[in-house]
Every structure is written in structure tokens, then in C-alpha cells.
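Listed in order, the protein sequences are those of chains D and X. In terms of the working numbering, the first sequence opens at residue 142 and continues consecutively. In terms of the working numbering, the second sequence opens at residue 255 and continues consecutively.
These are calculated hints, taken from the structure and not from any lab test. Incorrect hints may have been included.
[Claimed, not checked] DEER-style ranges, computed between Cβ atoms: (1) Gly274/X <-> Thr279/D: 31 to 37 Å; (2) Pro195/D <-> Ala460/X: 52 to 58 Å; (3) Asp156/D <-> Leu573/X: 49 to 55 Å.
Only a predicted model underlies this, so the values are computations on that prediction, with no experimental measurement involved. Ideal Cβ placement from N, Cα and C applies to all residues, glycine included.
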Amino acid sequence: MSALIETAKLSVARDGAAVLNDISFSAGANEMIGVIGPNGAGKTTLLRALVGLPPAASGEARVMGEPAASLAPIRRGRTISYLPQTRPIYWSMTVERIVALGRFAYGAPADLAGEDAAAVERAIADADIAHLSRRPATSLSGGEAARVHLARALAAEAPVLIADEPTAALDPRHQLAIMKVLAKRAAAGGLVVAALHDLSLAARFCTRIMLLENGRLTADGAPVDVLTGANLARAFGVPAQVTAESGRIAVSFD
Amino acid sequence: MPQGKPLAFSERLAVALLAGLGALVVIASCLFGPADIDMQSALAGLFGAGDPVYATIAQEIRLPRALAAWIAGAALGASGAALQGLLRNPLADPGVLGVSAAAALGAVIAVYFNLAALAFWMTPLASVVFALGATTILYVLGAGRVSTARLILIGVGLSSFCGALTALVMNLAPNPFVLSDLVSWLFGSVANRSAPDLYLAAPFLALGLALLLLSGRGLRALTLGDETAFSLGADLARTRGLVIVGAALLVGASVSIAGAVGFVGVVAPHLARPLARHDPARTIVPAALIGGVILAAADFVIRLLPFDQELKLGVAAALIGAPGFVWIAARTQRLAA
Numbered sequence: 142m143s144a145l146i147e148t149a150k151l152s153v154a155r156d157g158a159a160v161l162n163d164i165s166f167s168a169g170a171n172e173m174i175g176v177i178g179p180n181g182a183g184k185t186t187l188l189r190a191l192v193g194l195p196p197a198a199s200g201e202a203r204v205m206g207e208p209a210a211s212l213a214p215i216r217r218g219r220t221i222s223y224l225p226q227t228r229p230i231y232w233s234m235t236v237e238r239i240v241a242l243g244r245f246a247y248g249a250p251a252d253l254a255g256e257d258a259a260a261v262e263r264a265i266a267d268a269d270i271a272h273l274s275r276r277p278a279t280s281l282s283g284g285e286a287a288r289v290h291l292a293r294a295l296a297a298e299a300p301v302l303i304a305d306e307p308t309a310a311l312d313p314r315h316q317l318a319i320m321k322v323l324a325k326r327a328a329a330g331g332l333v334v335a336a337l338h339d340l341s342l343a344a345r346f347c348t349r350i351m352l353l354e355n356g357r358l359t360a361d362g363a364p365v366d367v368l369t370g371a372n373l374a375r376a377f378g379v380p381a382q383v384t385a386e387s388g389r390i391a392v393s394f395d
Numbered sequence: 255m256p257q258g259k260p261l262a263f264s265e266r267l268a269v270a271l272l273a274g275l276g277a278l279v280v281i282a283s284c285l286f287g288p289a290d291i292d293m294q295s296a297l298a299g300l301f302g303a304g305d306p307v308y309a310t311i312a313q314e315i316r317l318p319r320a321l322a323a324w325i326a327g328a329a330l331g332a333s334g335a336a337l338q339g340l341l342r343n344p345l346a347d348p349g350v351l352g353v354s355a356a357a358a359l360g361a362v363i364a365v366y367f368n369l370a371a372l373a374f375w376m377t378p379l380a381s382v383v384f385a386l387g388a389t390t391i392l393y394v395l396g397a398g399r400v401s402t403a404r405l406i407l408i409g410v411g412l413s414s415f416c417g418a419l420t421a422l423v424m425n426l427a428p429n430p431f432v433l434s435d436l437v438s439w440l441f442g443s444v445a446n447r448s449a450p451d452l453y454l455a456a457p458f459l460a461l462g463l464a465l466l467l468l469s470g471r472g473l474r475a476l477t478l479g480d481e482t483a484f485s486l487g488a489d490l491a492r493t494r495g496l497v498i499v500g501a502a503l504l505v506g507a508s509v510s511i512a513g514a515v516g517f518v519g520v521v522a523p524h525l526a527r528p529l530a531r532h533d534p535a536r537t538i539v540p541a542a543l544i545g546g547v548i549l550a551a552a553d554f555v556i557r558l559l560p561f562d563q564e565l566k567l568g569v570a571a572a573l574i575g576a577p578g579f580v581w582i583a584a585r586t587q588r589l590a591a
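Chain X with its partners taken away, still in its complex shape (with noise of 0.2 Å):
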């Protein structure tokens, strides 16, 4: 073969770079807070060495916060990469296309009406089957046959209603909270996450990732459009199935962790692209990374930045990424398609 090794080298470089810097900023994130804490102490704490305050806060307090960050972006950015090989349009986002809002509104469900007392697990398990809902009806009505506009104004009017539906939840429960609360699930934070918390969605944003990893081969198939893939072999339904479940499990997971937050699920992918060859199935991958570097490093500059109210991470992600997402639709020549 004329080509080959070197180009699949510099891909695995890429990803292993990725992951790094992912762990870099995470770590970054530990030593630094609103504590009093040198960073050498910090670092001996999160490590477990040295004064057991000082590693308490590192450890539960700084390092849950900055793997939620990083697991959100994460799990965001693999399910932006599928959903966009499924339905073949680079704009398709869990935030854009409203499965985030209908994954807050499942975990708004599952908080206000106390369902976590009927099981702990009921939370992020709420969040994914709304993110189910969201993404089977986005493809029932979608795949293929629509044009990206109509993609997004479906996206549009599910994100809407979902956040309309968030809204009369929290009024209706028996909560002064509310407001302050609504604003975290429609927009995302990850104050205040413990390691409980992560443990809880570890199992969905496994399984999700599994199920988005095992579709990569269909999605390739896709790139040359339904008949083709048909014809080339790939089993669709299969496809289809992974993708809507494993993106539904991800959103789901990482919004019962970090609220919706918008954007990133649309540029990971945009700039892990060029890093597969535009190859569909090795973008979920470099996605995932860069999604979690670009998420645990917006928190780690929230917590640096000295506001009194804390910027909500939704809010820093959509200030990086909404333009982000309307360069990507300005660039996209078959939006009208």
C-alpha cells in the first residue's frame, strides 16, 4: 500500500496526547481552589501523602469535580462524534439536538419527585431512557431523509419544550432551591459533585461508550449513504440501535452528572476530525478526548476566575462553543441539502 503507518502513527500519537493533556488539566485542576493550599501539598494530597486535610480536599472535593468536568466533555464529544456519522451531519450535538435538555428533564424528574429514594441509581437511569426518548424520536424523524436546517429545528423545538417541561417540574416541586437549580440543569455545572456521584454514572458511560465504539464500522459504511452501506454488508438496524442507545446512556450519564451543557458535543468532533482522516469510526475516540480536555479545562478557569457567583460550566462551554457551532454551520455546504 502506497500509504499507511506513518499517517496511523501520528493518529495514535494524537490520541495518546490527547489523553495527556486531559490528564494534565485535571491534575492542574486539583491544585488549585479557593482552599489555602500550596500546590506542592496539594499534589502530595492528591497522591495521598502529606496532611490528611489537605488530601481530603484534593481527593473528594477537587478531583471528583474536575473528573466530572472531564468525563461530561468526554462522554459528550463520543456521542456528538456518533450521532454525526449516524445521521450524517456534522452539526448533529446532544445539546443542539435537544437529547441534553431531555436527559436534565429526566434527572430534574427523578430529583424533585424524590425517585432516588426508591433507588439510588434512579437519577442518571432517569436522565438516559429521556435521552433515549429524545434520540429515537430524532431519528424516526430524522436520518437521512431530512436536511440539516430541519434537523436542527427539530432539535430546537424538542430543546424548548424539554426546557419548558424542566421549568414547570421545578414549580411544582416542594423545593425553595428552584431557581438556582433550574439554571444548573438547563445550563450544567459540576460544583459540588462527589465521588459517589461519578461511581453512579460509571456503569451507563461505560456501557455507552462500548456501544458507541461497536457501531464505528456501520458508521464508515454510512459515509457512502444507506443504499451503499446496505449493500456493502453493514447491518443498519444494528447501527442505528448502537448509536441511539449508546448516545442516549452517554448524554444520559453525563447530564445526571453535569447538567446540559451545550456545544461540546458539536466541536470535539469538528476537531477530532481531521485527526481520524475524516474516518467516522476513529472519530469517536480523539471526540471523546478533546471533548474532556475542553470541558475540565472551562471549570478549571470558572474556578480560577473571581466572580462572586460562580459562571455555570454550560455557560463557559456555549461562550467557547457557540461560535464554535456557528463557524462549523457557516463552513457546512449541504445545510440546505
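Pulled out of the complex, with its shape left as it was, chain D reads as follows (with noise of 0.2 Å):
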């Protein structure tokens, strides 16, 4: 099977300090991977490479193939989804019109027809967002917002989505919507890498678990061998306890 991302040495580096450092790893389909690590650990630095996005990183970063960071814009858009972790709608479209943005790469008016239309369907319904559909997107509550921008990302069918902290200030209703979301994507043959904050929702819906400290990558694996009271004391700097009961874990700092 072929690496749908591939990074090799990926580094890093803004006024002079390294944020990323020698980053490589390659991911495939059906894979869900919750990237981990304490704030500044370079987790937004990571997936922001990994679109092609600005600041330029040394080493290789190749999403199918191609370096992510010349990839043609058309290209682009349908391979990777990108759910950045500042997701602001400047204009008070319907929030069906702001889904069918994510249709941007295949050519897709502002009125849709066809397999646009239906991807667009698609989307609205995995992110059960239906009944929001006629609403101006700016007036949405944050849990509606996010799973908004949610069905906006998925509407691409791309093989690559890219979500930079999709969870964020989310009740837990929202937040396991969402995960669920990203982990049905994943099982259906995509690949989702998402930086995560919450260690138990990331134990619970992710394949693999990337640690990141210091702009390094110091654990990659299974949610059972990476989540480990060792790994998380020393990058979080507090203790941590995993207890692991029917199979699920659970994490907690003291």
C-alpha cells in the first residue's frame, strides 16, 4: 500500500529556532492519527507543512506523492481537507453555500448540481447539520460552527484531512460527534490527522498516536504503547496516570 503522506527529516525553523525538528514518518488509509504534545510543541507547525501552508520547512513532506508545498492549487484542494485551528466566515453565506465551498477544486458554482450536489448531501448529513442548512453561517453557536466547518472539510472527499484541534472548546456532546465523524471518514479509506488536546478522546477514536515535544517527534504507535504514564509525564512536565478498563482508556494528570 502507498503512504498517502510521507515526511522525511521535515524541520522547521522561525527566527532562527527550530519548531519542527526532523520529523519522519508516512501514513496511510483507514489510518486516524490524533497528533499529541504540549502547547508550542509544534502540532499546528506540523499540519500547517503538511498542507503546504507557510512558514517553508526543510526536509520533505509529500502528500501522494508530491511535496506538499508546490502542489498545484487545484490539486491541493482535492487532496487534502484542511480544518485550521482559526476558522473564521467573514461573510453571512447560507451554511449550505459555505459546506459547498468545499467543493472549490472541482470547479463547484456557489449553486450546485450533480456529484457536487450529492458530495455536498453527503457531508451535510455526516455532520448532521441538515436542519442548519438554510441558516447565515454567522450565526451559528460554536458546536454549530464546528461541525459546520466540519461538513465544509468533508465535502471534498479528499484522501487526506487535516484537522487542527477540531474538539476545541466543544461540550462533550460536540466533541464526540465530531471525533466519531473524523474516525467513520478514516474507516472508509481515508486519512485523518488531527492535532488533539484531549488525550482520552484521542486513546478512544485513534489508530495511531504521535507525540510531539520540543519540535520532535519522541513516540509514534498504537494509543495503548504511546499514552503511557512515562511518555505523558515527561512531555506534559506533570504527572500522569493511564488506567486502561475494557479495553478503553482513560488519562489523567495530578
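Hints in hand, dock the two standalone chains.
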């Protein structure tokens, strides 16, 4: 099986200081990867490098064999969906039209037809926002907006979905809903890479965890192998307890 | 799809109605004026029938002026809509941001140093070049990164600076009519426009509008911010270039025929946005049509007012537009964001 994402010695420096250091990994279909680590560990920088966003990286970050930073715009739009950490909506277009922007790389106009319309409808159903579709997208609550952005990212039906803290500032119900949708996308043959702060949530839904510390990838593997008390205590600088009950990992810090 | 056709139809209907309204105002404007001609003769004259004197007055004096007002308004409306989409800011307007003042400076330099003698298209070209400088400065200093308040302060500074330079150029120029001309350039006027003025501006206008329309899809993607637009597959460098050059062409050409008219570029897109269901790509055309109607109607009213000294078009536009600007500013939530 060929890798959807492949990095080799990926490094990013900002103002002379290394933000990412020698990150090498590869990932393929059906993987749901949780990128965890303390604030400032380089999670966002890693995800941005995979999308091809600045700051410029050295080393390699390839998406479906092509360097992420130099993908042709349309090719990028068809290969990668990206949920950035800040997700503004500047004009009060309807939810449906915001989701339709997910089809941008297919030349879709504002009024969709055919496969574009079908993809948008699937995304709206998956994110469970059909009841919002005629609402102005600027009038939504945090949980509603998060699901609208998720639907927009799903609508491209791109092989790679990269999400930067998709569950931040959401209540438990919305967190679960978002994680379930992402896991479903991975199970359906996609590759999902998500930066996450809730480690129990990461443990429950991810097939693989990557732990970043000070710009370095210090652990990479199945949740049970990465989410150990020793790893977490070292990375986060506070004592951590990991319990596994009936196969479900729970993390607490004291 | 649960929606679509009826609303899309109403969008097209609105565009057709606005275009028709613009034509009506322009024709109406040709029927009234200081020359004592009854409406029927003027209408016949406008279409080349009847008394040749009336035809000359309607076709060569009134029509170019009315068209100049409509064109200037349309150009400002379209560029306002596109600049607002690019800067993601409902208060971006060529007048407020100083682009019009920069274009006026370019035109004044061309006129007062007689550059038009070098080549007849120097005046619109100088306007466009200076407008281009202004849009570039604004983009480099502003887009997406600074607050609305700061962007507008940059515009105020740019505007004042270009206004001062315009006054300086006119002081240095060997021309006795400096003051009244200064007012025309800085406040805007379409008095005494002739058909050749319009022909000269036409290529710049057509090219500018074409570039802005090409930028529409990119502007739509920018609704979700730079990062998301980039990941969606939008070519942001291209979109920026199209808007910066397209708006400069339109504002430059509009200023070369009507001077610096303010506030149309903020009011027209604001009114157009609901018609386009807030889609920045679809706001451009209705904003142009509304801008055209506003300025053509304003000029029509000016000509009917019984003042000895004719009110400047830009003054009339500001009388209507400035309160509109304040109202929009007061309603804009992200002003300090």
C-alpha cells in the first residue's frame, strides 16, 4: 500500500529556533492519527507543513507522492481537506453555501449540481447539520459552527483530512460527534490527521498517536504504546496516570 | 438540492431590474437641462430624430455626462465590492481607502504638467498607475492581518497625503483656474464630460471589470480566511493580483472621468450583498449596477437643483454616502477585531 503522506527529516525554523525537528513518518489510508503534545510542541506547524502552508519547511513533506508545498492549487484542494485552528467566516452566506465551498477544487459554482451536490449532501448528513443548512453561517453557536466547518472539509471527499484541534472549546456531546465523524472518514478509507488536546478522546478514537515534544517526534504508535504514564509525564511535565478499563484508555493528570 | 432555482432567478431578476433602472435614469437625465427643450424633442433628439440642434444637445452634451456619472458609479461599486472581498472588510471603499485620491493625484499630474500632450491616453493611464500604487500599498499593509480600524486609518492617511500632493501640484502648475479645478478633482464632478473622455476610459474600465469578475471565485473561497482558501485550492496570489490591478484600473478610469467620488464604493456593495445572498463573487455585478444608479441619479438631481454654482457630484455623493458609511460602520461587529 502506498503512503498518502510521507515526511523525511521535516524541519521548520522560525527566527532561528527550530519549531519542528527531523520529523519522519508515513501514513496511509484507514489511519486516524492523533497528534498530541504540550502547547508550543509544533503540532500546528506540522499540520501546516503537511498542507503546504508557510513557514517554509526543509526536508520533505509529500502528499500522494508530491511535495506538499508545491502542489498545484487545484490538486491540493482535491487531495487535502484542512480545518485550521482559527476558522473565520467573513460573510453571512448560508451554511449550505459554506459547505459547498468544500467543492471549490472541482470548479463548483455557488449553486451545485450533480456529483458536487451529492457530495455536499453527504457531508451535511455526516456532520448532522441538515437542519442548519439555510441559516446564515455567521449566526451559529460554537458547536454548530464546528460541525459546519467539518462538513465543509468532508465535502471535498479528499483522501487526506487534516484537522487542527477540531474539538477545541466544544462540549462533550459535540466533541464526540466530531470525533465519530472523523473516525468514520478514516474507516471509509481516508487518512485523518488531527491535533488533539483531549488525550482520552484521542485514545478512544485514534488508531495511532504521534507525540510531539519541543518540535521532535518522541513517540509514534498505537494508543496503548504511546499513552503511557512515563511518556505523558515527560512530555507534559506533570505526573500522569493512565488507566485501561475494558479496553478504554483514560488519562488523568495530578 | 433543497434550494436553488427560485432564489437564483430572483438574483437575475434583481440584476435585470437594476440595469433597467440605470438606463431609465440615464435617459431621464438626457431629457432635462438648462437648455429649454421639451421632453419629446429631447427624447427624439437622443435617438437622433427631430431637430439636429436638440439631437446635438441630447447626444453630445447630456448623454456623455449622464453616462459618465453612471460609469463612474458602476466602476466604484464594482471595485468596492471586490476590495471588500479581498480585504474581508465591509468598509473597504476606494474613496475611504485613499485609492480615489491617489488616482486623482495621478490625473492632476497628467493634466497640469500637460502629459496628455505626449499621448492622449496619459490622463487615464496616470490615474490607473497611481491607483495601482495605492491598492498595492493597502494590500501589503493591510489584508487580513490588521483590524478594520487600522486599515481605515491607513486609508485616511493615504487620502490626506494624496490630497495635499494634489493641491501642491496645482499650486506649482501654471494654470489660473486652479482652485475650482482642485475642487472638481478632489470632490468629483462630471460637468462638461464629452464622448471622447468616455472612449478614452472605456478600455481601462472593460479590462478592470473583466479582471474583477475573474477574481470572484477566489473571493468566495476567501470567505473562510486565507488558510482555508489556500487549502481549498484557491490561487491566492492570482486572486490578489486580479483585484489589485482590476480595482486600480476601474478606480483610475472612473477618477479620470469623474474625479474622486467617495462612499459609493461602500454603500453600493452593502446594498448589493443581500441580493447576492452575501456571496462576494456575486456581489460585484449588482454592486456595479447599484453604484451606477446612485451616481447617475445624484448627477440628475444636481442638475435640477436651482443653485447658481452647481453642486459637485462628489459632494452630493458624500451627502448621501457618508451617513451610510457611518451607519454601516456602526453595524459592523468586527471593527475592532
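The hints, checked one at a time:
Separation of glycine 274/X from threonine 279/D is about 32 Å and conforms to the stated range, judged on CB atoms against 31 to 37 Å. Checking the proposed 52 to 58 Å range against proline 195/D and alanine 460/X shows it is violated: the Cβ atoms sit about 36 Å from each other. At about 51 Å, the beta-carbon gap between aspartate 156/D and leucine 573/X stays in the expected band of 49 to 55 Å.
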